[in-house]
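**Student:** Residue strings, one per chain:
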Amino acid sequence: MSLQDFIDDQPLIDHHCHFLIRSTAENREKRLAQVSTEADNDYPLEDTKNRAAWWGFQHEANKFAVDSTDPLRNMAPDEYRAYNHKIFAHYHFETLLIDTGFIPADPVLDLDETADLTGTTIRPIFRIETTAEKWLQKTANFEEWWQGLQTEAAQAKANGYVGFKSIAAYRFGLNLTEVSKAGAQKAFTEWQKANSTRLVSPVLIKYILWNLAPVLLKQGLPLQFHVGYGDADTDMYQGNPLLMRVFLEKWCKQGLKVVLLHCYPYHREAGYLASVFPNLYFDTSLIDPLGPTAVTKVLNEALELAPYSRYLFASDASTYPEMYGLAALKFKEALKDHFARLDFVPELQKKEWIKMICHENARKVYGL
Amino acid sequence: MSLQDFIDDQPLIDHHCHFLIRSTAENREKRLAQVSTEADNDYPLEDTKNRAAWWGFQHEANKFAVDSTDPLRNMAPDEYRAYNHKIFAHYHFETLLIDTGFIPADPVLDLDETADLTGTTIRPIFRIETTAEKWLQKTANFEEWWQGLQTEAAQAKANGYVGFKSIAAYRFGLNLTEVSKAGAQKAFTEWQKANSTRLVSPVLIKYILWNLAPVLLKQGLPLQFHVGYGDADTDMYQGNPLLMRVFLEKWCKQGLKVVLLHCYPYHREAGYLASVFPNLYFDTSLIDPLGPTAVTKVLNEALELAPYSRYLFASDASTYPEMYGLAALKFKEALKDHFARLDFVPELQKKEWIKMICHENARKVYGL
Amino acid sequence: MSLQDFIDDQPLIDHHCHFLIRSTAENREKRLAQVSTEADNDYPLEDTKNRAAWWGFQHEANKFAVDSTDPLRNMAPDEYRAYNHKIFAHYHFETLLIDTGFIPADPVLDLDETADLTGTTIRPIFRIETTAEKWLQKTANFEEWWQGLQTEAAQAKANGYVGFKSIAAYRFGLNLTEVSKAGAQKAFTEWQKANSTRLVSPVLIKYILWNLAPVLLKQGLPLQFHVGYGDADTDMYQGNPLLMRVFLEKWCKQGLKVVLLHCYPYHREAGYLASVFPNLYFDTSLIDPLGPTAVTKVLNEALELAPYSRYLFASDASTYPEMYGLAALKFKEALKDHFARLDFVPELQKKEWIKMICHENARKVYGL
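These protein sequence lines are chains A, B and C, in that order.
The opening position of the first sequence corresponds to residue -8 in the numbering used here, with each subsequent residue numbered one higher.
The opening position of the second sequence corresponds to residue -8 in the numbering used here, with each subsequent residue numbered one higher.
The opening position of the third sequence corresponds to residue -8 in the numbering used here, with each subsequent residue numbered one higher.
Rather than coming from a laboratory, the hints here were simulated on the basis of the structure.
Certain hints may be false.
The list treats identical chains as interchangeable, and a pair is accepted whether it falls inside one copy or across any two copies.
Derived DSS-like pairs: lysine-lysine, alpha-carbon spacing no greater than 27 Å straight-line [stated by the list, open to error]:
| # | residue 1 | residue 2 |
| --- | --- | --- |
| 1 | Lys341 | Lys209 |
| 2 | Lys21 | Lys244 |
| 3 | Lys341 | Lys288 |
| 4 | Lys209 | Lys244 |
| 5 | Lys342 | Lys288 |
| 6 | Lys77 | Lys244 |
| 7 | Lys21 | Lys355 |
| 8 | Lys288 | Lys327 |
| 9 | Lys40 | Lys342 |
| 10 | Lys40 | Lys244 |
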């Protein structure tokens, strides 16, 4: 089988994505356009439609349209289910690991329902900051709060979670040094007094991550980090994964599996880190569906130094199946380009690496 | 019409460039070589001539030469005017927006004279720091100084200016947070006592920018920023546009049009910012004439995430017409490459985007 | 002669590389695999073998194998010498400048022996931090220590050294500002009291570099810096060459030749610096053998702004000749790509630039 066909046929484990929405959600065209960008909904829709991604989304919608005369119209529930099945099956999506922390309007929250809607296997990811915020509201002091959070984290695997995710990069950045318990207690008290339950204290987030790391390690579960590319709410200057060096030095070397998500425009830095730290994995998700002209270049740059055993497919898609589809389409095109150019390496070895990237690495990291 | 021909025929608005010089300026070859680099004039001319840009400049000089036996010789005024007309017309330059803050030796300062020399329409850009320095010398205290600067800025549109420019990145960087009036007053007093009228105080520059922003907004005029690539005098480490996040969050969201100039090597970061902030525009000028082997790659990277409605052509050229010409030549080549590769998008839409980049975006941003 | 053949035939001066090892070293396959990555030896060998570099190393081993049925077996001393000669001769290595600071296990330390093993000319590079550490152990106070270090540095040229190297980026970073003597004396006292002779004080390293600079200048010897890409022990966030601006402003402008090594992923930044500072040189070594899929792209990016008179070939190889060979192979492929695409420039000029990059620049910088 040619390398091209081999890539087309590979099953995909999408190790980082989000909830889909219901067929009954209104304004399908507008919702589809809005999810073709990381901009907030107050960003001009006209500018969003002047991006390549929007045309990629439309391309997928046209290709799989239930009604070719009006591909962007809303669908009845059974049409919508068939449409989802068609797209996820076409690209051989096998499993979706859903980050439960981001919830679009009109979501399909039930994982079994999502499995039925898409025809894939669904596994959830445990969101650390959201859970920490929930325990703030349920407890009276630092000790109780930490006990609650830690206990819930320790039961994650038993409760079906296959990994954890931190959005430290959305709250202050990735300079994740070790902090004292006294410092964390003080920060907790300030948080209790604050007007918002939103966890933004760098000290407290660092405390949580350093102290949950052994809890994850014990369960053999990986820790995902948002890195780089995100919406206007992330300070991308502080989202450089090179800032994580002290954390990686400590925890990856002890056996904690760490997964860097998105990474753009720091994907070369992420690839470098994967090439020198054990147990460090990464992807270039989000750029796949939202920057379709970039995907081949970004994948090639990501793999300049990284082992093929450390790079994973992910879409970071949500809302509608076109986003997952476009991500898979562009990602597989980029794989074809990369492996066609690759010198020195026999085809059999290339096929091993393609399998790793599409599903085997994810299977190993998340214990699927 | 083919996409190639369509691109060749597009009129160009060069929304960021500088003064040309007189035909009577001496040492045309040396002046031409020196402007083919951002290095100071004490940089070895031999190294400058070992750059691709110098050969690009010579290529333009040869192509349009009045005297093909000696393309780099000085020209008589009428020859020189015809030569300028030939180059600007060949690349369909329609309008030049001249940043009046940089003045080469032997300049053509008069804008009507520049219009006559080039056969284009000329509009001026108001330079903030230079004007602030002028008012230091004309006033006795902070209140008077601020009154003078603010009043002149408020009359900019009435006086024919189509935009403002800040070179904060040349003075300290782009970390443009809000500061107090008391802090600004203190910094002003120190500035008065200093030996130099050069404005370098971060506090004062931040104060000016945050407090002139409403004055610009009221006139509907955009604010340009030097970003990234510049001469040895800029600290490019502090010239990363991601540092501007707080400023953009505040002012772009209120409606201020902000334009990031040059951006290299932070053009991916600039494109990302344009994709999540309203009213944010950018270009990759300066690399066009000075890094001719880079132009296609840089344009493709710049457009990975940005809407086509936010990216503008500019040369950042000065001194001689060859620099404007080389910028246009390489930019149009890069556009051809980009749009030839672009998936999913119908040719009609591609043509709309090409028009936006070449002139429509500039017309809208600067109200031309 | 075609440009391709011309490039193939160019002699190479490898201005930054390390010691080879003995034929008697055990586990040749494992040693070869381990040197195909910057990871420490506790990094999983399996991941190392899932990198493109490992296959590039094997490709060289197969191409030049003494025993084609077992290309990775250990060789007898005379076989090993013939094998080394064959590889270094095939790629026209003429001279190796050996950084004496890194010593692999089973090294060939004697430079004459290395010359005999490889059939090339060998010249040594003086390692600053290692020498400073040696003098700590030999002296009782700051004045004696500084006297010893300075005197040894002043005799470097007389002792056959052709350049100096600093690994400041491995100890704290590249923000190399000027410090006071009093500060250095205080830092020295703390160093004396510390448990380790490892020099890590930023103050002391800065003091050494600013105060040895005139000593180097007087001998006309260049100063190399580790920049960017290195093993997990370097904080690459602090390894950005833009941080060196104050040092370059002071010393390059006074005539000190500075050479930035490796640079990836900051090679665009390094190229920019070379385009605006006199006496600044750089390479993209290490990526050549360890990131073989990256070499063409990285070379093209490095040369976007830099003069051809400022960019040098280097492998940063050590241990086995395959690493030097793979670096040369990929580097020459990248040169072919770059010069085939280069517009405007006559072939004769291209050949001049190719000679500069392959050997002439190094000859000039190191006074060979």
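**Student:** Hint by hint, say whether it matches the structure.
**Tutor:** Here's how the hints hold up against the structure:
For a Cα distance limit of 27 Å, the shortest separation of Lys341 from Lys209 qualifies neither inside one copy, at 34 Å, nor across copies, at 54 Å. Taking the shortest Cα distances, Lys21 and Lys244 sit within 27 Å of each other only across copies (21 Å), while inside one copy they are farther apart (46 Å). For the homomeric pair Lys341 and Lys288, the shortest alpha-carbon distances inside one copy (19 Å) and between copies (21 Å) are both at most 27 Å. In this homomeric assembly, Lys209 and Lys244 come within 27 Å of each other (Cα to Cα) only inside a single copy, at 14 Å, whereas the closest approach across copies is 46 Å.
Taking CA atoms no more than 27 Å apart as the test, Lys342 paired with Lys288 passes in both settings, with 21 Å inside one copy and 24 Å between copies. Within a single copy, Lys77 and Lys244 get their C-alpha atoms no closer than 43 Å, and across copies no closer than 40 Å, so neither meets the 27 Å cut-off. Taking the shortest Cα distances, Lys21 and Lys355 sit within 27 Å of each other only across copies (25 Å), while inside one copy they are farther apart (38 Å). Proximity of Lys288 to Lys327 under the C-alpha cut-off of 27 Å is found in both arrangements, the shortest distances being 12 Å within a copy and 18 Å between copies.
Taking the shortest alpha-carbon separations for Lys40 and Lys342, only the inter-copy value of 15 Å comes in at or below 27 Å, while the best intra-copy value is 37 Å. Within a single copy, Lys40 and Lys244 get their C-alpha atoms only as close as 45 Å, which misses the 27 Å cut-off; across copies the closest is 19 Å, which meets it.
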